[in-house]
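Chain A is fixed; fit chain B onto it per the hints.
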Amino acid sequence: MTTFAEATAEPFAGYQRQFTIMTKVLTTRAAIAQTPKQLIWTLNKAKLYRYVPVLPADQRHRIPLLLVFALMNRPYILDLRPGHSFVEFMVRQGYDVYLLDWGSPGPEDKNLKFDDYVLDYLPRAIRKMKTVSGAEEFSMLGWCIGAILTTAYAALRPNDGLRNLLLLTAPLDFSQPEKITFAHWVDERYFDVDKVLAAFGNMPGEMIDYGAKALKPVENYIGNYLKLFDNLEDPAAVESWHAMNTWVTDNIPMAGATFRQLIVDLYRNDRLMKGTWVLRGETVDANQIRANLFTLIAGADHITPPCQAETINERVGSEDKELFRIPGGHIGIMAGSAAARTTWPHIDAWLSARSGKIGQQ
Amino acid sequence: MAEEKTNNGARFDPMSAWREMRDTYLDNWAKVMVEAVNTDAYAQATGTLLDNYLTASAPFREALEKVMLSTLAQLSLPSRADFVSVAERITNLEMRLDDMDAKLDRIERYAAQSAGAKGERRGKQGGQK
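Chains as they are written, first to last, in the working numbering: chain A, 109 to 469; chain B, 966 to 1094.
Since no wrong hints were added, every one of them can be taken at face value.
Label pairs and their calculated CB-CB ranges:
1. Val-1032/B with Ile-330/A: 38 to 44 angstroms
2. Gly-407/A with Asp-1016/B: 33 to 39 angstroms
3. Val-997/B with Thr-111/A: 47 to 53 angstroms
4. Ala-1028/B with Cys-415/A: 44 to 50 angstroms
5. Tyr-318/A with Glu-1053/B: 27 to 33 angstroms
6. Ala-1023/B with Glu-296/A: 19 to 25 angstroms
7. Ile-330/A with Lys-1031/B: 41 to 47 angstroms
8. Val-999/B with Glu-244/A: 43 to 49 angstroms
9. Val-386/A with Val-997/B: 39 to 45 angstroms
10. Thr-450/A with Val-1032/B: 53 to 59 angstroms
11. Ala-408/A with Thr-1036/B: 47 to 53 angstroms
Computed cross-link-like contacts, DSS-like style, restricted to lysine-lysine with a CA-CA straight-line distance of at most 25 angstroms:
12. Lys-155/A with Lys-221/A
13. Lys-1083/B with Lys-1068/B
14. Lys-155/A with Lys-1068/B
15. Lys-132/A with Lys-321/A
16. Lys-382/A with Lys-429/A
17. Lys-155/A with Lys-238/A
18. Lys-287/A with Lys-324/A
19. Lys-238/A with Lys-1068/B
20. Lys-996/B with Lys-287/A
21. Lys-153/A with Lys-221/A
22. Lys-335/A with Lys-132/A
23. Lys-996/B with Lys-321/A
24. Lys-324/A with Lys-996/B
25. Lys-153/A with Lys-1068/B
26. Lys-1031/B with Lys-303/A
27. Lys-335/A with Lys-996/B
28. Lys-155/A with Lys-145/A
29. Lys-324/A with Lys-335/A
30. Lys-321/A with Lys-303/A
31. Lys-153/A with Lys-238/A
32. Lys-238/A with Lys-145/A
Hint data in this document are derived by calculation from the structure and do not stem from the laboratory. Cβ coordinates follow ideal geometry from the N, Cα and C atoms, glycine included.
If we strip away everything but chain A, and leave its shape as in the complex, we get (with noise of 0.2 angstroms):
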């Protein structure tokens, strides 16, 4: 006869099993960021990495290919572990990637701008990407805040060698506020941006996280980690689980002057698809953009809903454009597990077409 310790032993093995398992990831970092790379440049927080090619030099594409995050999140979520990983997958279709990380801003860095990233970081760092491929043309690729970057350098330098610029869910038409759900909660009316520096000097991390999850609240302060108890028995569910969150909670701050141009420039006023935004002097007009451009658009996007991305092309004075819709979020598109059979290869596939023949050095 069974007795009752026997009879609970089985179950209370695989609750205690459980429990290891969700201390383990809720409290450590997953290993992210694996892919080998070597360290090329720095300024200030910024750093510039060279992904270490894995094929020969005579099957590469001739043009290198530049990631551009955004200012407020690690860019490693483009790498963001072995075997699922955007990085590792350009890598091995032959493009020799770059990658700018523009690191934590300290309190030194409360008066950085658009114009000190746009003008001064991102073409230096660009200098030495040319240098160490050793070519004059390059794709650049900008997701989130990294589009706006991107986006405003294309259109200021548009004869520095940018061969194709890649779009990613680009906050860039601020023009529906109805629709933008970060615009109603930064109505002058409703939030002092001035106040708030005047605080902090930058914007706290904990601030744009909080900002970020309070879009779905119930999905991301409930929905998440319950997805994770329900899945505690499938390893491969919780590994990917634990990666997005390592990222997910590994939050910076926002250089102070840059996040009131942000609020004030592009989310009040519009000013960048209106054609009057001014950085150091000089008006970006998309219109002057002349790379190949390619738009990706997250259906299900509400960080940065359709309505913000879609007008780009229709400003460009780019011949060569195209507009690709997917389904999924924000981040989900590129990091997702779907992400691997959709977003990527068709970047892949566009890229591939306008990079140079692979051999031709």
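Leaving out everything else, chain B in the frame of chain A:
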């Protein structure tokens, strides 16, 4: 565990019905919340909350800053402003170094190009001889 095999061989999970109910409830709740945070009332409420916090904490922040500054000065230790000033100077130095690096790269490139051109000329002259 509290699972039994059903007729078709799949394990019967008594919790699945509860999970379905939970997910349906959460989906509905999520929709309501997404609509709620997208209203002007929510924006106004969070804005007021933040504003009140900043207003209420400002005197304490300023007092703390003054105390910290005088304490650090008494201890002959640098303040945050001192560190910020040094960091800004370092960034300026880095910019100058980067400018020099760019110039060196250009010089190297020109040197390599002119060496290549000289080599070509010598090759042509050698061929003529």
